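Given the sequences, and given the hints that come with them, work out the whole structure.
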Amino acid sequence: MNTTPRKGEWFSDATFERVAEQLASEPATSLWSDVRRRLAARASARWSLRWLLALVLASLFVPLLPLPSPAAMALDKQPKPPVAPWVEPFNERFEPYYGALNPLDRALVGVRQQAFGKRQTGPWLGTDAKGRDTLARILWGSRTSLLVALFAALTSLTIGVAWGAIAGLARSRVDNAMMRTVDVLQSLPTIFLVIFLLSFLNAPSPSGAARSVSRETVFFLVIGAVSWLPMARVVRGQVLALRSAAFVESARTQGASTSWIVRAHLVPNVLPIVLVYLTLTLPSVILYEAFLSFLGLGVEAPNVSWGVLAADGAEAISPLATFWWLPLGPALAMGATLLALGLLGDALRDALDVKRSQA
Amino acid sequence: MRRFLLRRLAWFALTVWAVITISFVLMRSVPGGPLSTDRTLHPTVEAAVNARYHLDWPAWRQYLQTLGPLNLDEHGLLGDRSAVFGGILALDLGPSLQQRDVSVNEIVAQSLPVSAALGVTALGWALALGLAGGLVSALRPGTALDTAARVLSTLGLSLPNFVIASLLVLVLAVAFPIFPVAGWGSPAHLVLPGFALGAPFAAYVARLFRAGLLEALSQDCIRTARAKGVPWRAIVLRHALPGALVPVISFLGPAAAGILTGSLVIERIFTIPGTGSHFVAGALNRDYALAMGVTLVYTVAVYALNVLVDLAYALIDPRVELEKDA
Amino acid sequence: MSLLEVRNLRVSFATPHGSVQAVENFGVSIDAGETVALVGESGSGKSVSALAIARLLPTPPSRIETGEVLFEGRDLLALGERELRRVRGKELGLVFQDPTSSLHPLMTIGEQLEEALLVHERMPRASARQRAEWALAEVGIADPRARLSAFPHQLSGGMRQRALIAMALLTRPKLLIADEPTTALDVTIQASLFALLRKVQREHGTALLLITHDLALVSTFARRTLVMYAGAVVESGLTSELVARPAHPYTRALLRSVPSLSTSLDHALPVIPGAPPDPSHPALGCAFAPRCEFALSACHQRRPALVALSTSASGEAGVRVHSRRVACTESERTLAAEVNS
Numbered sequence: 003m004n005t006t007p008r009k010g011e012w013f014s015d016a017t018f019e020r021v022a023e024q025l026a027s028e029p030a031t032s033l034w035s036d037v038r039r040r041l042a043a044r045a046s047a048r049w050s051l052r053w054l055l056a057l058v059l060a061s062l063f064v065p066l067l068p069l070p071s072p073a074a075m076a077l078d079k080q081p082k083p084p085v086a087p088w089v090e091p092f093n094e095r096f097e098p099y100y101g102a103l104n105p106l107d108r109a110l111v112g113v114r115q116q117a118f119g120k121r122q123t124g125p126w127l128g129t130d131a132k133g134r135d136t137l138a139r140i141l142w143g144s145r146t147s148l149l150v151a152l153f154a155a156l157t158s159l160t161i162g163v164a165w166g167a168i169a170g171l172a173r174s175r176v177d178n179a180m181m182r183t184v185d186v187l188q189s190l191p192t193i194f195l196v197i198f199l200l201s202f203l204n205a206p207s208p209s210g211a212a213r214s215v216s217r218e219t220v221f222f223l224v225i226g227a228v229s230w231l232p233m234a235r236v237v238r239g240q241v242l243a244l245r246s247a248a249f250v251e252s253a254r255t256q257g258a259s260t261s262w263i264v265r266a267h268l269v270p271n272v273l274p275i276v277l278v279y280l281t282l283t284l285p286s287v288i289l290y291e292a293f294l295s296f297l298g299l300g301v302e303a304p305n306v307s308w309g310v311l312a313a314d315g316a317e318a319i320s321p322l323a324t325f326w327w328l329p330l331g332p333a334l335a336m337g338a339t340l341l342a343l344g345l346l347g348d349a350l351r352d353a354l355d356v357k358r359s360q361a
Numbered sequence: 203m204r205r206f207l208l209r210r211l212a213w214f215a216l217t218v219w220a221v222i223t224i225s226f227v228l229m230r231s232v233p234g235g236p237l238s239t240d241r242t243l244h245p246t247v248e249a250a251v252n253a254r255y256h257l258d259w260p261a262w263r264q265y266l267q268t269l270g271p272l273n274l275d276e277h278g279l280l281g282d283r284s285a286v287f288g289g290i291l292a293l294d295l296g297p298s299l300q301q302r303d304v305s306v307n308e309i310v311a312q313s314l315p316v317s318a319a320l321g322v323t324a325l326g327w328a329l330a331l332g333l334a335g336g337l338v339s340a341l342r343p344g345t346a347l348d349t350a351a352r353v354l355s356t357l358g359l360s361l362p363n364f365v366i367a368s369l370l371v372l373v374l375a376v377a378f379p380i381f382p383v384a385g386w387g388s389p390a391h392l393v394l395p396g397f398a399l400g401a402p403f404a405a406y407v408a409r410l411f412r413a414g415l416l417e418a419l420s421q422d423c424i425r426t427a428r429a430k431g432v433p434w435r436a437i438v439l440r441h442a443l444p445g446a447l448v449p450v451i452s453f454l455g456p457a458a459a460g461i462l463t464g465s466l467v468i469e470r471i472f473t474i475p476g477t478g479s480h481f482v483a484g485a486l487n488r489d490y491a492l493a494m495g496v497t498l499v500y501t502v503a504v505y506a507l508n509v510l511v512d513l514a515y516a517l518i519d520p521r522v523e524l525e526k527d528a
Numbered sequence: 013m014s015l016l017e018v019r020n021l022r023v024s025f026a027t028p029h030g031s032v033q034a035v036e037n038f039g040v041s042i043d044a045g046e047t048v049a050l051v052g053e054s055g056s057g058k059s060v061s062a063l064a065i066a067r068l069l070p071t072p073p074s075r076i077e078t079g080e081v082l083f084e085g086r087d088l089l090a091l092g093e094r095e096l097r098r099v100r101g102k103e104l105g106l107v108f109q110d111p112t113s114s115l116h117p118l119m120t121i122g123e124q125l126e127e128a129l130l131v132h133e134r135m136p137r138a139s140a141r142q143r144a145e146w147a148l149a150e151v152g153i154a155d156p157r158a159r160l161s162a163f164p165h166q167l168s169g170g171m172r173q174r175a176l177i178a179m180a181l182l183t184r185p186k187l188l189i190a191d192e193p194t195t196a197l198d199v200t201i202q203a204s205l206f207a208l209l210r211k212v213q214r215e216h217g218t219a220l221l222l223i224t225h226d227l228a229l230v231s232t233f234a235r236r237t238l239v240m241y242a243g244a245v246v247e248s249g250l251t252s253e254l255v256a257r258p259a260h261p262y263t264r265a266l267l268r269s270v271p272s273l274s275t276s277l278d279h280a281l282p283v284i285p286g287a288p289p290d291p292s293h294p295a296l297g298c299a300f301a302p303r304c305e306f307a308l309s310a311c312h313q314r315r316p317a318l319v320a321l322s323t324s325a326s327g328e329a330g331v332r333v334h335s336r337r338v339a340c341t342e343s344e345r346t347l348a349a350e351v352n353s
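Protein chains in written order, with my numbering: chain A, 3 to 361; chain B, 203 to 528; chain C, 13 to 353.
No lab work stands behind these hints, which were simulated from the structure alone.
Note that the coordinates shown come from a computational prediction; the quantities given were computed from them, not determined experimentally.
Check each hint, because a few of them may be wrong.
As the list claims (entries may be wrong) - Covered by chain A, per the in silico footprint, the following chain B stretches (three or more residues, Cβ under 8 Å):
1. 209-220
2. 360-370
3. 466-476
4. 480-490
5. 494-503
As the list claims (entries may be wrong) - Reference excerpt, derived from the structure (chain B facing chain C, CB under 8 Å, subset only):
6. S388
7. K430
8. G431
9. G445
We put the CB at the ideal spot given by N, CA and C, even for glycine.
Laid out in C-alpha cells, this is it:
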C-alpha cells in the first residue's frame, strides 16, 4: 500500500517547515518563573517580603545592635512613656544583663560591648513597670515568636506532609485509619488539654526538685503537636486527587515508575498547596503562642516573646493610669508581621493558581 | 438521616471518652496531687481530704468513679447516701476540688449562661460584620472600599483578640469613656468583649464570603440568568448568595470552637464571670474536676454545633449526601 | 428589514500583556425565521461575537470597541441596562454550550424555567408553572411535571440541554443564539437535539444563529453560513454554494479534512498544518497566510477585505439575496478569472 500523500492533496513540506519554525521560536515558561513574576508584580507581596526579611535579619543580629538589654531592670516603679529618638537618641546606661545566652549570642554581645561600650538607644518606645526597655524587648521577643513559628512550620512540614502523603498513597484501610486518628486528634479540645498540661507543669513541684523536662521544651512540643493536623489533611486530599488524575494515569501507561511519578508529578503539584498552607499556619501559631503567654503559660522570664509583651500590655490598661505604649508597641509589631504573612500568603496563593488568567 | 445521626453519636461518645481518659491520665501523671501546695498539711487533715475526694483509692477505681455511671462510694460525696449514680456518664461532674462544698455542676450552671451570652454576641458580630464586609468587597471589587475592607479584615486576623480588646478598651473605655472597662451586668458590658471576641472571626467570614461571592458570580449559571434578563439584585440575592454562604456556614463550626477558646482570654481581661474564667482559674489552681468538667462542656457544645452545621449544609445544597464521610 | 444586523463589531480583551483583539471585524444579518450558521475552530472568535451581541461579555477585561448591533432596528450596544434586560430573554434567547454548568445547581428546574417567564411578564405562579410544564413536554422530556421539581444534577446531560432550550424558548423570542449546543454532549444526542431545534423553529418562526465548529453538520441545517478564522469572517454565503464551491482556502481545507465514506484509504487524513495565530501578536497580512498552500507574497503583506464575489445565482422571489463574500487575495483573482472566462 502506498502511503505517501498524493501531490496537491497535502500541504507542501515548505508549509510544514515554516509552521514548525514558528512554534519553536516561542519562549517556554515554567511554573516557578511565572510564580516569581506574579509575586514580584504585586506591591503588597514585595513589601511583605521586605518586612519579613528585615525582621528575620533583625532578630538574628539583635545582640549586635546598640539596644538596652531586654532584661535589665531599673528601680522606677512606674512605666515611663516613650521619648522621641531626636530628644534622647542615646544614653550611656547600658547594663549587660541577659538571661542564659547561647555561645553565639554571647560572642555577639561581646562584640557589641566592644563596639558601643555603654551606649544604648534611649527609651524610644518607653519602658515597662520594671524599667525594661520596650523596643529591646520587642526585638528580642521577635526571636521567640519567629522560632516558635519556624518550629511549627518544620513540624507541620515533616510530620504533616509525610502523614498526609502516606495516607493518600496507601490502601484505603490504612488511609482510613490514619485519617481517623487525625479526626479524633482534631476534635479534641487541644487548647484545654494544652493548658492543663502546661499549668500542671508550671506549678512548683512539692519537693522543689527540678523537673525532668523543661517547660519551654514542652511548649515547643505542644505547638508542634497541633500544627501538623490541618496540613496532613490537606496534603492527603491533594495526593488523593492527584493519584486518580488523568495525567498520572497517562504517565503510568507510558511506563513511568512510582518514584518517577512521585518526583515528577506529585511533588510539584503538592508543593504549591503546602506552601500556601504554611503561610496560613505561621500566623495562627504566633497567635497561639501569644494566647498561651497571656495565660502565663509561655516562655519564662527573663526570656521574652511578643505574647508576653502583649499580655503585659493588656494588663497595663486600667481606668487609673494608661500606659498606652505598652500594648501599642507589641500590637504594631505583631500586627505588621502577621499582616505581612497574610498578604504574602494571599499573593502566593493567587500566583500559584494556574487557572487564573493573569500574567 | 438516622444513620448520619447515629454515626455522629458514636463519634461523639468516642471523643468524650477520649477527652475524659486523656485528662484523667494527664492529671494523675503530674507530680504531686491537687492539694499539694507550698504548705504541707497536717497528716490527719491530709488523710481526711484525701478520703473525701477519693484520692487514696487506686487509680483504676478513681477513673471509674469519675467516669460513672455508678457511684462507687458508699457515702456519696456530699453526704447523700441515696446516690446510686455518679460520674460523668450520669451527668455529674463531681465536686470542685478548690471551692469547698460546691459541685462543678453548680459552677457550670451559674456561669454557662454568661458565656453563652458572650459567645452569641461575638458570633453575631462576626456574622454581621463579616457578611456586610464581604458583600461590599465582592460587589465592588478593586475599588478603594474593597481594599479598605480587605485590609481591615486581614488586620482583624493579625492581632490576638486580647490585643484588640486592649486597644478597644484604650480608645472606647479609657480615652473616651463610652463603654465600661470591665465587669458584667448590663448590655453595655457585652459590647466591647463581644466585639473583641468576634473580630477575628468577622475577618475570616468576610474573606470567605467575598471569595464565595466572587466565585459564585463568575459561574456559568449566572451568565444564563443574565441571558434570561433577570435583574442584578435578584441575581446576587437568589442565584449567587446561597452558594456563597456555604463556606461561611462550614466555617461556623470552627468559629464556634474558636470563640469558646477565645473566651478564656476575653473573660479574663474583662473579668466576666463566665465558664472560661472558671476554667482558667481551675487549671491554674489545679482544680482537676472543674477544669475537666468545663472541658467536657465545651467539647459537647462544639460537637453539637458541628452537627448542626452539617445539617444546615445539607439543607442548602441538595447535592450533599449526609451519609458520606467528610 | 432584517431581524438582526451586526456591522463592524470589534471586541478586544485587556490582558497584562496589553490589549488583545479577539474579534476583528464581525458582521452578520439574519432575517426573521432564518437559520444562519457561524463556523470556526476554537479561538476563532465565534463565541465572543455571539456573547457580544447580547452584551454578556464581562466588561472589565473585554471591550466592544466599535460596532452596531441592530436588533429590530434598535442598537443593542447603545441601550441602557434596564432596556437591555427587557430584550434579553424576551426577544433574544441564548443557549450555551455546557448544560451542566449553565443551570443553577441549587434551584429546581421548575424554578429556573418559571423565572424566565416571571421576569418578563406578570402572571400567577401557577400559570408560569403550567407553561413551564408544557415547554418541557414540547422539547421531548418525559413526565414533565415530575421534572419540574427535580434538580439539575438529577437529569442526564441531554435532558439538561433540552431543558435549557425550553427555558430559552419559553418567552417565544424572535432570535435564538445557540452556542455549540451539542459539543458537550454525546454525538448520539446531537441528531435528536438538532431535530428538536428545527421543529421548534418551524413551529414558532424563530430565527436561529447556530454556532458550531462542525462545518459538515451545518450543511443540512443552515441556510447561510459564515466561516470565521482568527477573529474575522473569511467567507460567507449560501450554505449550499459554500459547501459545493468553497472560495476561501480555509473553508476548502476544513471541508477536505472531514473524512467521508468515499475517502480513499491510501492516504493519510488531510490536516491543516500549524495552529491558529496568537491573538496577542497579530500578523501583518492575512491571518491564514502562514498555513495557506496558496499563499502569495501579497498575502503576507496586506490584509484582504471581505468583498462580494458575486451575487448568488438563485434569486428566489421575495427572498433577500445575499452576496457571497470572501476575504482572500488569491480567491479574488482566481474566481474573478473564472467568472470572467
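Hints, verified against the model:
1. Chain A is given as covering the segment 209-220 of chain B, and this holds because 4 residues of the stretch bring a CB closer than 8 Å to a CB of that chain, at least three being needed.
2. For the segment 360-370 of chain B, the stated coverage by chain A holds: 8 residues have a C-beta nearer than 8 Å to a C-beta of that chain, and at least 3 were required.
3. Taking a C-beta to C-beta cut-off of 8 Å, the segment 466-476 of chain B contributes 4 residues in contact with chain A, enough for the three needed, and the coverage statement holds.
4. Under the rule that three or more residues need a Cβ within less than 8 Å of chain A, the assignment of the segment 480-490 of chain B holds, with 5 such residues.
5. Given a C-beta distance limit of less than 8 Å, the hint that chain A covers the segment 494-503 of chain B holds, as 4 residues qualify and 3 suffice.
6. Because the beta carbon of B:S388 sits about 43 Å from the nearest beta carbon in chain C, more than 8 Å, this interface hint is broken.
7. Checking B:K430 against chain C by beta carbon gives a least distance of about 4 Å; that is within 8 Å, so the hint holds.
8. Hint status for B:G431: holds, given a least beta-carbon distance of 3 Å to chain C, under 8 Å.
9. Annotation: interface hint on B:G445 holds; nearest CB of chain C at approximately 6 Å, less than 8 Å.
Of the numbered hints listed earlier, the single one contradicted by the structure is hint 6.
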